[in-house]
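**Student:** Sequence:
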Amino acid sequence: MAMMGLLIYLSLFITAVAAASIDTCPGYSASNVEETTNGLTADLTLLGEPCNVYGIDAPELKLVVEYQTDKRLHVKIYDAGEKVYQIPESIIPRPSKSSGKIEKSDIVFDLQEKPFSFTVSRRDSKEVLFDTSAANLIFESQYLRLRTNLPNDPNIYGLGEHSDSFRLPTDSSYRRTLWNREAILIPENTNLYGSHPTYLEHRESGTHGVLFMNSNGMDIDLNVTAEGDHFLEYNTIGGILDFYFFAGPTPTEVSKQHAEAIGLAAMMPYWSLGFHQAKYGYWDVYTLAEVVANYSTANIPLEVLWADIDYMDLRKDFTTDPELFPMDKMRELVDTLHSRQQEFVMMLDPGISTDSTYESFQRGDKAGAFLKAADGSNYRGVQWAGEVVWPDYHSQEGHDWWVDEMERFFNPETGLDIDGVWNDMNEASNFCADLNCDPAQLAKDTNTPPQPPESRPNTGRPIPGFPDSFQPDGTLSKRQDASNEWDKALADRDLFNPPYSIQNAMGNLSVKTIYTNISNHDGTVQYDTHNLYGLNMIKATYDGMIKRKPNKRPFVLTRSTFLHSSAWSAHWFGDNESSWAHYRTSIAQMLGFTAVHNYPMVGSDVCGFNGKAGENMCSRWALLGAFMPFFRNHADIAAPNQEFYLWESVIKAAQKGY
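Mature numbering (1 follows the signal peptide of the UniProt record, and there is no 0) puts the sequence shown at residues -19 to -1, 1 to 639.
Just so you know, nobody snuck in bad clues.
So the derived label-pair ranges between C-beta atoms look like this:
(1) 248 to 320: 21 to 31 Å
(2) 504 to 31: 18 to 28 Å
(3) 475 to 428: 30 to 40 Å
(4) 165 to 15: 49 to 59 Å
(5) 134 to 106: 12 to 22 Å
(6) 4 to 477: 25 to 35 Å
(7) 205 to 340: 56 to 66 Å
(8) 560 to 185: 29 to 39 Å
(9) 630 to 277: 12 to 22 Å
(10) 568 to 486: 21 to 31 Å
(11) 237 to 147: 15 to 25 Å
(12) 33 to 415: 23 to 33 Å
In case anyone wonders, no lab produced these hints; they're calculated from the structure.
Yeah, the Cβ is synthetic: ideal placement off N, Cα and C, and Gly gets one too.
Work out the full structure, taking the sequences as your base and the hints as a guide.
**Tutor:** Below is the structure:
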C-alpha cells in the first residue's frame, strides 16, 4: 500500500510539474507570410528553447489558410516534414475550396507573427470569434495545445458524444474527452461511444461554428482563468491542428455549413422512420414471430423487427444457430415479414471468432483481412464470440472481405434477405481489461461465448399472421450438447502511456479496446486511428448492402461514430437505463446530434435498455419516441420485457403517438 501511495503521489507530482511547465513553452514565430488567391501560407519556427513537456517540440511548422467559400474558412497547421498523422481524404473527403475569395468572405483571418497567434473575426462588425493569443501554441510529438478566448458566460453546444446538458457548462472547469469507448449506462461527464470535435457558439450578434479535423484522443477544456476570463482549450495527444470555421450567422446556417464541410447525411429508407422493436434475449425464431403477431393484435403499427446476437451460432457473424434460428425458418420469417410490408434488421459485431472451422474466419485469414500484432500474427482479443480477431476496415483487404461475407450471407436468393444491418461493439470494444490479457484464457474463464439455451417446449400458442410451420406443431427440436503516405512514424512515441493522459473513463487508452500499438495495413497505428474504427466499419457495411442490392437505400445503425459517420448510418445513443433522468437526457442528445453534428437519424432506446421500465415511464417514453427520428424499443437480456403491448396504457400511448 505504501508503494501504491508513493506511485500515486509521484504521478500527481509529475502531472502538476508538467502543467506548470507548459505555460513556459516559447510558442512559434511566423515568417515568409505569402498571400495566395484565396488565402495565405507561412512558416512557423519554434521561438526559443523547446520545452518538451509531453514529447518533442516540432522545430518547424507550416500554416495554410484557405477562404473556401464566403462562409467557410480553413486553417491548417502541420509539421514541416509531414510525418505526423493526418486523416486521409479517402476516409473523410474534404470540401471543395475553389470558390472562396478573401474580399468576399464573411469571416477574416489575421495573424500576429511573434509570438504567433491568430484571430478569426466577422468582416462587417470586426467581432472576434476565435483568438489564440491567450496561450502560446504547443506542437509536440504527443501533445498539441491551442487555446481561444471566449466571452463571459458563453453559449457553447456540441463536442459530442456526451450525456451532459445541451448547452455545455461554462461557469467553472468543464472537460470534454474524446476517445470512443463502450459506455454502459452512458454516464455524465465522461467520454462515450463517439467523437465529434465540433462546437457551435451562439451570441446575441450571431452564431458561428468551429470544426477540429483530428481523430486522436483529446481533452477539450471549457474553463475560467483566475482573472475570470473564459476560454476553450484543445489538448490532443497527436495529429495536427486542422480547423474549419463557419460564419453562420444563424444556428441553421452553421449546421448547413458544417454538413457541407464533412459530407451530407445519408438519405434513409422511408420505412426506417417507423417504429422498431428489438431485445437482447429473443431466444428463438418463434419468439421473433410472436412479437410481430402481438403488435398486430394490439393494433400498434410495427415497421421493423430486429434480431440481436441471439440468432448467431455461438455469437459468430454470418451464421445462424442451427437449432434455435435455423436458416430455412429464418428465411420463412423474413419472407412473411416482407409479405406484411414489414422489415428485418440483424446485428453484426466486428469481433470475428478464431475457431479454425469457422469459414468466415478462414476466408478472412487467407485474404489478410485482420489487424496484425507486432510479430505479424493476427491480433487477438475477446468479444462476444470468445477469442476474436478484428477486421482492418482501414485496408482494402478488410473492407472487401467484409463486403463479400455480407453478400454471401445476406444473398436474397440463398441467404437472409435482410433490410438493414446493426453494427455494435465497434469502438472497438474488447473484453480484455489490461495489457497482460490472455484472450484464450479469458474467453474460457468467462464462458464466452455462452452455450445457447435449450429449445423451448411447444407452448401451444398460435402465432396469428404466420404460416402453418410457425404454429404449435412446428416447434424446434431439442438442442444436443455440443503502407500509407504517413510515416509509421515518430518512432519514439509511447503508444500505451502517452506523457499527457487524456481523461479517458477507462483509464489507459488500450483498456477494453484494441491496443493502441496495433498497426493497420498501411502502417498507421490505432493510437491515431482508434476513433475512426467504427466509421470504417459502417462504410464497409454500407458498401456490402449496396453490393447485394444496388437499387435499394441501405440502412445501417452504428454505436460508434465520428465526423462523417452520418453519411453512411443512423446512430442510437447506446446502453441507457430505464429512468426519468435518461428519458430527459435523450432529448438533449437528440438536439446535439441533429442540430450540431449533422446526424439527423438518431434516437435512444425507448423505455431504456438497462433496468426495469415502469408502465408510466414507458407510456411517456413511447410518446416521446414518436418524435425521435429513430424510434426503437430495445432492452437488455437481463431486463424484463417491455414491449408496448404488455400494458394497456402504453398501447394507447403508442397508438396515439404513432
